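**Q** Using the hints, position chain B against chain A.
Residue numbers (the numbering used here), protein chains in the order written: chain A, 1 to 189; chain B, 1 to 181.
Ranges between beta-carbon positions, derived for each pair:
no. : chain 1 : residue 1 : chain 2 : residue 2 : range
1   : A       : Ala102    : B       : Val104    : 45 to 53 angstroms
2   : B       : Pro108    : A       : Leu161    : 17 to 25 angstroms
3   : B       : Pro108    : A       : Ser95     : 44 to 52 angstroms
4   : B       : Leu101    : A       : Ala102    : 45 to 53 angstroms
Hints were generated in silico from the structure; no laboratory data involved.
As the structure is a computational prediction, the values presented were derived from the model and not from experiment.
Where is the CB? At the ideal position from N, CA and C, for every residue including glycine.
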Amino acid sequence: MELTQPWPWYVAGPLIGLVVPALLLFGGKVFGVSANLRHVCAALPVPERRKPGFLRYDWRRTGLWNLVFVAGVAVGGFVGIRLLSDSSLPLALSSDTFAALASVGVEDVTGFVPRDLISWGALATPIGALMVIGGGFLVGFGARWAGGCTSGHAISGLADLQVPSLVAVVGFFVGGLFVTHLLLPLLLS
Amino acid sequence: MCTDTPPYQQGDGLPDDCIDTEQVASDVQDRVLAEGSAPLSLAIYGLLGVGVGIVFTQSQVVSWFRIYEMFRFESFHMYGIIGSAVATAALSIWLIKKLNLTTVHGEPIQLSPKEWGDSRVPGARYWMGGTVFGLGWALLGACPGPIFALLGGGITVMVAALVAALVGTWTYAVLRDRLPH
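Looking at chain B on its own, in the form it has when it is part of the complex:
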């Protein structure tokens, strides 16, 4: 990691370049990204996705009916799924941090905190964008993961929903500088 640093003065241990955490982080980031695109890694991400798709469909969270039922508070099913998913993930993240676990490639695991943004209205992007997303979620009855699962399941009208979601993403990209964040 220090091979490209200029010769340094002997004395108090490591040269500054070697303990420059920001530089190391970007090195690490590059390697992580490179490893993520290796064929074997991609196969594992793909298999994980297959598992998620099966769980999504068999637990029925991909169904418009389940979302409708959830927003009407008529069943515990969706709340149980989201709640226990968050609890499981939270416990896992706590353990990863507590035990200082690294990735299987030995890289540190970093979770970047969500930024509050610089709008005059605090957190504007989260509640405004979140509300817009919620309107779409209840209308379509599917969030992005389920759109892909339904498409794979042969509910071909989701092609139209996916194209509309891409147009929505592009529109956001165009208007981004004019929206509060």
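Chain A extracted, bound-state conformation:
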């Protein structure tokens, strides 16, 4: 079976890490993607008095650069997925992972997401809805509560040796391990 090989970690990791000094040196900006979810909420055309205080601020002033940055990430996603990848092949995952996927009944392992679970069709099933809608909701809620996501805490925060960020990253793993080892096997069996 042909598999899609990733760029090696020692190429991708340092490139992602260099985004932190690039943003700092260029404009004193801190790498963090999830703040954009707040900026989008703040930008929604809802009367100011009906917004919670947390969403009443000048999003153009503080967030426009970051919204443009994630628009760029979406363009990069188009280039990477549509132009540089073949989504008819599975990714080069470990054989243990393929075995685990087969054992929980995930048959289609091609592309970037499992279509059996994450697709418009799967959205009509309770498990698909939980993964896409439930997962999305928890990502948005948790990122703001924790004050950052993988980029803000695990990369920017840890790189600046911030202990609160380390606590947040431990939390990311507590939640992730619970889902992967307890919840998913229960739901998919």
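**A** Only chain B this time, still in chain A's reference frame:
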């Protein structure tokens, strides 16, 4: 920077207003924010984003399968990426601080420390919010950056995930005062 300060007494050098670091910092902050929204600056942020999107997809960190594999500890790939990204960024930040580097516009670079918060439970927002985020990360298989990359790559169901994430953000905003921080 001192043009709007009232006349001051001659004597021991600069007037207090000019060495009021807090005031200078907010001046600086305003200028940094203004420069960040200039068309050329925005173009650079956008191009950086394109590069990040390409690295995210080509290293496969946007894939649900890679996140699943990571949480099952079955490959070093994701740990290698996050670890080397942190090491590279940490070394860069150390150098920036060591050499007192400024931005290309000559402004000082400030990294504000994360606050511990005032909850009775120390760091409540970090471990509670972090755990909630982790639940979502493993279910959806994507954190906020990858959501945007997948959307751009034509995985349109991520529109539903993005809307759900916005609803989650709004819900947090409503409940914020009642949550421990």
